[in-house]
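**Student:** Full structure from sequences and hints, please.
My numbering puts the first residue of the first sequence at 6, with every later residue one more than the last.
No lab work stands behind these hints: they were computed from the structure.
Remember, it's a predicted structure, so these values are computed and weren't measured experimentally.
Hints are not guaranteed to be accurate.
Pairs of lysine to aspartate or glutamate residues, derived as EDC-like cross-links and limited to a Cα-Cα distance of at most 20 Å, are as follows [stated by the list, open to error]:
id : residue 1 : residue 2
1  : K141      : D131
2  : K212      : E116
3  : K120      : D220
4  : K432      : E392
5  : K254      : E396
6  : K357      : D398
7  : K277      : D520
8  : K544      : D520
9  : K311      : D211
10 : K538      : E476
11 : K538      : D520
12 : K311      : D330
13 : K420      : D403
14 : K544      : D503
15 : K420      : D470
16 : K357      : D403
17 : K510      : E392
18 : K559      : E476
19 : K357      : E374
20 : K562      : D398
21 : K432      : E396
22 : K510      : D398
23 : K141      : D185
Per label pair, the in silico range of CB-to-CB distance [to be verified]:
id : residue 1 : residue 2 : range
24 : E240      : E172      : 34 to 40 Å
25 : T145      : T84       : 40 to 46 Å
26 : S134      : G171      : 18 to 24 Å
27 : E340      : V546      : 21 to 27 Å
No residue lacks a Cβ here, since even glycine has one placed at the ideal position from N, Cα and C.
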Amino acid sequence: MSDSSAEERPSKNFLEEIIDKDLAEGRHSSILTRFPPEPNGYLHIGHAKSISVNFGLAAKYNGATNLRFDDTNPVTESTEYVDSIKNDVKWLGYQWKDEFYASDYFENLFEFAIKLIRDGNAYVDDSTSEEIAKLKGTPTSAGSDSPYRSRTPEENEDLFRRMRAGEFPDGSRIVRAKIDMTSPNMLMRDPVIYRIKHVHHHRTDDKWCIYPTYDFAHGQSDAIENITHSICTLEFMSHREVYNWFIEKLDLFPSQQYEFARLNISYTIMSKRKLLQLVTENHVDGWDDPRMPTLSGLRRRGYTPKSIREFCSRIGVAKRDNLIDVSLLEFCAREDLNKISERRMVVFDPVKVVITNWPEGQVEQLSSENNPEDASTGDRSVPFSREIYIERDDFMEDAPKKYFRLSPGKSVRLKSAYIITCEDFKKDENGTVTEIHCTYHPDSRSGSDTSGIKAKGTLHWVSIDHAIPVEIRDYDRLFTSENLADEEGDFLEYINPDSLNVIQKAYAEPALAEDVPGHHYQFMRKGYYYADKTSSKDKLVFNQTVGLRDTWAKINK
RNA sequence: UGCCCGGUCGUCUAAGGGUAGGACAGCGGUUUUUGGUACCGUAUGUGGGGGUUCGAAUCCUCCCCGGGCAACCA
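**Tutor:** In structure tokens, the structure reads:
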């Protein structure tokens, strides 16, 4: 293909091609999509993909997207979830056109069912769920008709109205669409469209004791709203036939369903049921535990909406099953964070360094840039004194050739400060280094270095007298298996016991005490960090969003 | 083994009969007062067999592999 034709037809995903065609052929003049969460859990990054697809497509084609809660099963749903979902969608940066609930349509849906019944397209079945399951057949063998299938429309309507009136107990009767018990599609074998549940609904209170099923509610809700493209995940593929059947029999707006492959990420789970289990069984600290793939978890961990949107755009949309490498998510986080994070120095595992030729009691305020990627963030002042902390990792008694940090006789640059040379060190009886003695080179001050000394390594550090204690929470993947779907047995067996590593007392430069909520930081040579929701002036707590790429760790392996 | 989907670098995703490209991951460099960033370079792929065609990832066919479907969940 030539360059010019590539410009004429930039690569599009299959949904964009469908929309192009629909628009070109005049099927629709504009598009309307919807994001239809069930309010029975918190949104996770898989939902972010769906949100990105639905809202992204609408934005691209100058259409709009409705937020519609699929609240047809009051047993598991609640307003807590509704609120968190709305909050998460907004946080991601999307704005819906209208906010609807499937429960807004309960009256319409009831009338639709009446019409089906009157047309001989639905009937009330008194069978038990076991009996229904038995007559349903199997994927390889046809089902057979229920003994109640031939009731008259009059009898069916009477029974259905009495179901609504609360005359019958839960499970005693259901309404089924009369389609085809021999269909190769199991879902077409007279699917249940209404069931009796004498339960309180978070929006309609106790008005209803019968509730429509997903199959009876979703397509009709789409049609009522004039949704042009109803985009869902692959597992709903075989529901499409049912979806179309209702729209046809009820003569509604011809919404069309399209399916894409849901997001899977290595080393994580995306099942709401399993996520809920992690929460209820306290394997994690709530839905917003920073290790959770929930949007609230990612937010608490310090992921930005932008990085998540970028991730969703990079993974693409297609119909084949996929397992996205978690490193792509991390890449997207670093890419954004690198540009917006202010740098700070924090020593996680300190070892004391004494600058023997620095006068006792003398403090020099040095200047350090807040963000080398963004000069507009200016500089901050960092105090330097005779006694400082550096990372224990940054000193080695016997250093290999390629180690260019501190070791006896070697020199390093202290970031934004001076070059120091290691003259001596002390160890305790266990062989642990307790103190390192160095001399500094007065003419090597950062920015005005005339020493001519070449230091290969640069270390972060904090002045002991000025250091403030902070708690650091480092995270690793929540699971030890790359692809949980491939594993046999309980997914809980694959929980990574080392997914949380708390450093109770790390030492930070004083500038960090002025932490502003919502600020993202890069702790130099460590990673990106974000204040936890529990962080306070009295006790600063930071969550690791993602570590810096660590080439040295790789070499060292 | 009934029906429905799907199979392109390790992982995602393009190429719509005409040079298999991009990203992440990997590897190797350059720059660097973060072993970060940035930049440069590099290896790896069309599940298989038959066809159609001057030419096939693309069309046909058979096979293989993966996923979904038997909730009064969504």
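**Student:** State the violated hints by number, sorted upward, taking the hints as numbered earlier in the document.
**Tutor:** Failing hints, ascending: 5, 7, 9, 13, 14, 18, 19.
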